[in-house]
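S.K.: Each chain is listed here by its residues.
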Amino acid sequence: SSHEHKLNFQKSKEACLNYIQDAMLQKQWKRAAEFLTFYIEALEKDFSREYMGPSEIIWRIGSEILWHHSHNGMKEFNSFIEQMKTLAITRYLKVSLEHVFHLLCNGLIDEAYQTLSLAESWRHGEQTSVQDKEMKLIEAYRGLLDYYSWAKQKHILLKHGQDGFEDLSVEQEMHNCFRKAAVNLKEIIKIPGVWDPFVKCYVDLLEFYGDHDEARQVLNEYAYNSKFPANPNAHVYLYQFLKRQGESKKSLISALKILHDSVPSHELMIDFNIMLQKSKKRKKRRLGLEVIFAALDYAGCKENVKAWSCLVKQLKQIVISEKHLDWITQEWNSRRDWWPAFHFSHYLAKRNWQENESLSYEKALVAGILLGKDCKYFKYVSHQGCKAQVKRFRMLKKFVNKHNPVYLRISG
Amino acid sequence: RDFNERCAQCSEVNWGLTDGGRFYCRSCHNVTERTREVINTEFISNTRVQTISRGSRNKEKTDGGCEWYVCEGFQLVLKKQAEALEALGVCPQMKDEILCNFWRLYLQKSKQAYCDRPDGETVKALPVCDSSTDVESEPETPSLLHLLSLSESEGDLQTDSSFVSSTSKVSASTSVCSGSVDGSLYFTKNQKEKLRMTMPMTLSFCYMALLWLREPMTLSDLLRFVVEGHIPYLNVFQHFPEKMKLYGVDLKIFCVESWPVYEEVYDKMLELAAFLDLPRFPDITDSCFLHPDMLCMKYLMEANLPDELHNWTCRVVKKISIGEADFLTLVPGNKSTRKVKYDVLAAAVIIVVLKLLFLLDDHYEWLLSDLAEERNTNNKEGRPYFEFKKWYKVIKCSLDAEQKKLDEERAKYQWRCEKPLFYSADKKSKVLKRRQMVVNLQNQFGKLSGSVRPAEKPNPSSFQLSWSEENTDGNCFHGHSLKGILQEKRGVLAAMNPDYWLCTVELCRERSCDHLAHYREVEFPQSYHFVLRLFSFLLRIQPSTIHDDVCLIEHKLFNKKLCKKPKYNTVIRK
Numbered sequence: 001s002s003h004e005h006k007l008n009f010q011k012s013k014e015a016c017l018n019y020i021q022d023a024m025l026q027k028q029w030k031r032a033a034e035f036l037t038f039y040i041e042a043l044e045k046d047f048s049r050e051y052m053g054p055s056e057i058i059w060r061i062g063s064e065i066l067w068h069h070s071h072n073g074m075k076e077f078n079s080f081i082e083q084m085k086t087l088a089i090t091r092y093l094k095v096s097l098e099h100v101f102h103l104l105c106n107g108l109i110d111e112a113y114q115t116l117s118l119a120e121s122w123r124h125g126e127q128t129s130v131q132d133k134e135m136k137l138i139e140a141y142r143g144l145l146d147y148y149s150w151a152k153q154k155h156i157l158l159k160h161g162q163d164g165f166e167d168l169s170v171e172q173e174m175h176n177c178f179r180k181a182a183v184n185l186k187e188i189i190k191i192p193g194v195w196d197p198f199v200k201c202y203v204d205l206l207e208f209y210g211d212h213d214e215a216r217q218v219l220n221e222y223a224y225n226s227k228f229p230a231n232p233n234a235h236v237y238l239y240q241f242l243k244r245q246g247e248s249k250k251s252l253i254s255a256l257k258i259l260h261d262s263v264p265s266h267e268l269m270i271d272f273n274i275m276l277q278k279s280k281k282r283k284k285r286r287l288g289l290e291v292i293f294a295a296l297d298y299a300g301c302k303e304n305v306k307a308w309s310c311l312v313k314q315l316k317q318i319v320i321s322e323k324h325l326d327w328i329t330q331e332w333n334s335r336r337d338w339w340p341a342f343h344f345s346h347y348l349a350k351r352n353w354q355e356n357e358s359l360s361y362e363k364a365l366v367a368g369i370l371l372g373k374d375c376k377y378f379k380y381v382s383h384q385g386c387k388a389q390v391k392r393f394r395m396l397k398k399f400v401n402k403h404n405p406v407y408l409r410i411s412g
Numbered sequence: 001r002d003f004n005e006r007c008a009q010c011s012e013v014n015w016g017l018t019d020g021g022r023f024y025c026r027s028c029h030n031v032t033e034r035t036r037e038v039i040n041t042e043f044i045s046n047t048r049v050q051t052i053s054r055g056s057r058n059k060e061k062t063d064g065g066c067e068w069y070v071c072e073g074f075q076l077v078l079k080k081q082a083e084a085l086e087a088l089g090v091c092p093q094m095k096d097e098i099l100c101n102f103w104r105l106y107l108q109k110s111k112q113a114y115c116d117r118p119d120g121e122t123v124k125a126l127p128v129c130d131s132s133t134d135v136e137s138e139p140e141t142p143s144l145l146h147l148l149s150l151s152e153s154e155g156d157l158q159t160d161s162s163f164v165s166s167t168s169k170v171s172a173s174t175s176v177c178s179g180s181v182d183g184s185l186y187f188t189k190n191q192k193e194k195l196r197m198t199m200p201m202t203l204s205f206c207y208m209a210l211l212w213l214r215e216p217m218t219l220s221d222l223l224r225f226v227v228e229g230h231i232p233y234l235n236v237f238q239h240f241p242e243k244m245k246l247y248g249v250d251l252k253i254f255c256v257e258s259w260p261v262y263e264e265v266y267d268k269m270l271e272l273a274a275f276l277d278l279p280r281f282p283d284i285t286d287s288c289f290l291h292p293d294m295l296c297m298k299y300l301m302e303a304n305l306p307d308e309l310h311n312w313t314c315r316v317v318k319k320i321s322i323g324e325a326d327f328l329t330l331v332p333g334n335k336s337t338r339k340v341k342y343d344v345l346a347a348a349v350i351i352v353v354l355k356l357l358f359l360l361d362d363h364y365e366w367l368l369s370d371l372a373e374e375r376n377t378n379n380k381e382g383r384p385y386f387e388f389k390k391w392y393k394v395i396k397c398s399l400d401a402e403q404k405k406l407d408e409e410r411a412k413y414q415w416r417c418e419k420p421l422f423y424s425a426d427k428k429s430k431v432l433k434r435r436q437m438v439v440n441l442q443n444q445f446g447k448l449s450g451s452v453r454p455a456e457k458p459n460p461s462s463f464q465l466s467w468s469e470e471n472t473d474g475n476c477f478h479g480h481s482l483k484g485i486l487q488e489k490r491g492v493l494a495a496m497n498p499d500y501w502l503c504t505v506e507l508c509r510e511r512s513c514d515h516l517a518h519y520r521e522v523e524f525p526q527s528y529h530f531v532l533r534l535f536s537f538l539l540r541i542q543p544s545t546i547h548d549d550v551c552l553i554e555h556k557l558f559n560k561k562l563c564k565k566p567k568y569n570t571v572i573r574k
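Chains as they are written, first to last, in full-length UniProt numbering: chain B, 1 to 412; chain H, 1 to 574.
Just so you know, the hints here were simulated from the structure itself, not pulled from any lab data. Built from N, CA and C at the ideal position, the CB exists for glycine as well. Watch out, some of these pointers could steer you wrong.
Label pairs and their in silico Cβ distance ranges [said to hold, decoys possible]: (1) H:VAL431 with B:GLU207: 55 to 65 Å; (2) H:VAL431 with B:SER169: 51 to 61 Å; (3) B:GLY53 with H:LYS252: 53 to 63 Å; (4) B:SER169 with H:LEU432: 50 to 60 Å; (5) H:LYS419 with B:GLU64: 30 to 40 Å; (6) H:LEU371 with B:LEU25: 41 to 51 Å.
Model the full assembly from the supplied sequences, consistent with the hints where possible.
M.R.: Below you can see the structure in the form of structure tokens.
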């Protein structure tokens, strides 16, 4: 019969879940726990092949509630998770892994390590491909914790070294950790994915033991292998490594070029600009200008004095030499209708002057060159600066006034 | 019908039942001394009964269980339900006689007991209700159930069940599919003509008995008591004796996972009454609780409406003749008369009266309320004039709060029973482990929420909402006067509202459609929807059910007017 309004077990439990969800979204943990208590009997009718059945729902919701609202802290949480592990045997690895995350968040490194080791030795019937992946993750995290132990041992060793002690057992332990960590870390970063912390740790290990070639290869793979998802951090790590190795400017620049393309607002763009400015090649210098303008397009660099000073340096150089003024025009064309409001408003002039004199100085110079001596930013700041009798502002005023014709040529 | 004697006075055979349960001749109104109970035992002994005394029950099975039939299980259920009803105040006659006899009649008609089986197969009869006349004391030779041979079995059964008709003892052919002997037979197609017993049908039985006795309990009351736990229904099988083991297909029969639906129980009751060939039920007269005048009074009180409205409901009832015994009394099997849902009808009458007085078009009722408010400022009589606006605010507040509570209760409902059930023996350990885990988890989170598992049920009460005149906050409208919205017309107080809108112009034909009309919230005024919602909550049924009866009443009220003028619009003048 078509009595869809009839209240049955399933509808009752669905309604219960809705109440739990509402309570959780409003962070009413007590109320969520209350309704969860009534939902739990759904476990007895868990015959479903649904995407997410009662046992998984209870695991996830229960974890969340206990995480936020528990009388006994981790003890209660742990006992709950142990129950969840036995509840659905196919989910053992997943539950273990999430348990490990919770333990790590609470600083319980040893317990996390134990849980990982336990999970690694777990076997149950045929391993599905999903479980395969989960196992790899478990091994990888154990590798990470091994690295962490290694780092601790290293620190102790160095300290003892300073104090003049020699400690063979610590050194031994350290090498052990290294071996264990290296194996697992190497494995996981072979699989296409985002493995930032693993990569960093692995490279650190390799560098310590002097295997720079391996490190370089790992980083190159991570950054350039197209199977891996695009990851700006990969290029950052590569750049930092190359810098540490004292590589040539050329390779450093090529590493950063890709970063500029993907994250033009990155803070390394300032370093990039500095390198490019110094280059003898015109193309590189041109790129430098492009890079620094692009960085300042974003709110992140708005108050970055160093970024502004880089721009100032390059602009000054061009203005004084009167060569390549068209570069400025090209960069300014796409920005002239929004940069004034974004960077050079009267309000910002006042604020920058109050809060950060150096910032206002650099910006005023840029404003003076790009917008002329009559723009409000420059007028306000230079006036304030001269009033306060700060020397460099007088120089600023002179400079801008002197080169005003340049502005006229830029503005076309 | 059962009583076939000729009347002493007029020699006719045309009997009816008085209120006191005596037979009277319809032709000459001669009342006899013969009462119903006497007749019932007579008619039972007319049929050939094969019974077995308890002692000859077959040897117990290995798991300590005994053999039992599905209808025995249902008999136990009915017994429990009758006991609960008695505890609620229903007269003992219901349990001891009426329900018992209805059940026996059912068993007889469905050939599960008290009869000869075709082909000489006989059926074990059951230990009957305790307090009845001693039918079981007749000694008979034990007879065995010969299982019907089946060519196919339903896909429900897990294992292949090919029962073979045999003369072997019953125990040998009991399969692992069910604890009961005939559980697996229950889902075969053969059962269709025999009106197979189900859990919701137990409530149909109860209601039928209540109706026969004209007890002051409507079907909506009964179902509400079931949901509130005062009448065993969900998990009632846990009160079966230890020896009656339940598993396999039995679970499908006795475990409910949904609350009974009013329409379902009601329709089954009608089917049952016809199946049992029952005569005309005892008359519903105007002194009965189920009569619209009485029920209207009750619902008016519960809905916090002025008592004066009762005059109006009585007028409507009288005008359309729905207070007549012939209209109200159930005559099973008679397809021509429409069957009456007393509670729904009363609610519908009230709604029609509200529409008559207030129009409820989301406009007029508020104007009228303002008028009453104005009049109230000069009101020198002891009682204030009824203002729809005030009433609406009070009721909406309460209704929303109660509805919210009800919704939460429904979400929190616990369905499982104390005794864990297993579909089959090999699942037992798994089920028990799960049960243990469930209990642990419930304890853990129960402590976190700080809530005490509600062990007490609310006290059973006929009224869900109550309003007291002693309350000083002025929330009780019972004593309010309708004068504020009425006007004097030729010495009589009449409604100021000259208009009326019909819920539907034409009723659907019963044959082609389940309902008389179709209700969609968006098509009707909010005020109308509100009053529907109110009664829908009180009766725990869908608004559309009440809407049907509203349409019916309107049809009866205004049909003549409509027929006179072929052209009409939906708003008519009274």
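S.K.: All hints, please: hold or fail.
M.R.: Against the structure, the hints come out as follows:
| no. | hint | result |
| --- | --- | --- |
| 1 | H:VAL431 with B:GLU207: 55 to 65 Å | holds (58 Å) |
| 2 | H:VAL431 with B:SER169: 51 to 61 Å | holds (54 Å) |
| 3 | B:GLY53 with H:LYS252: 53 to 63 Å | violated (22 Å) |
| 4 | B:SER169 with H:LEU432: 50 to 60 Å | holds (52 Å) |
| 5 | H:LYS419 with B:GLU64: 30 to 40 Å | holds (33 Å) |
| 6 | H:LEU371 with B:LEU25: 41 to 51 Å | holds (46 Å) |
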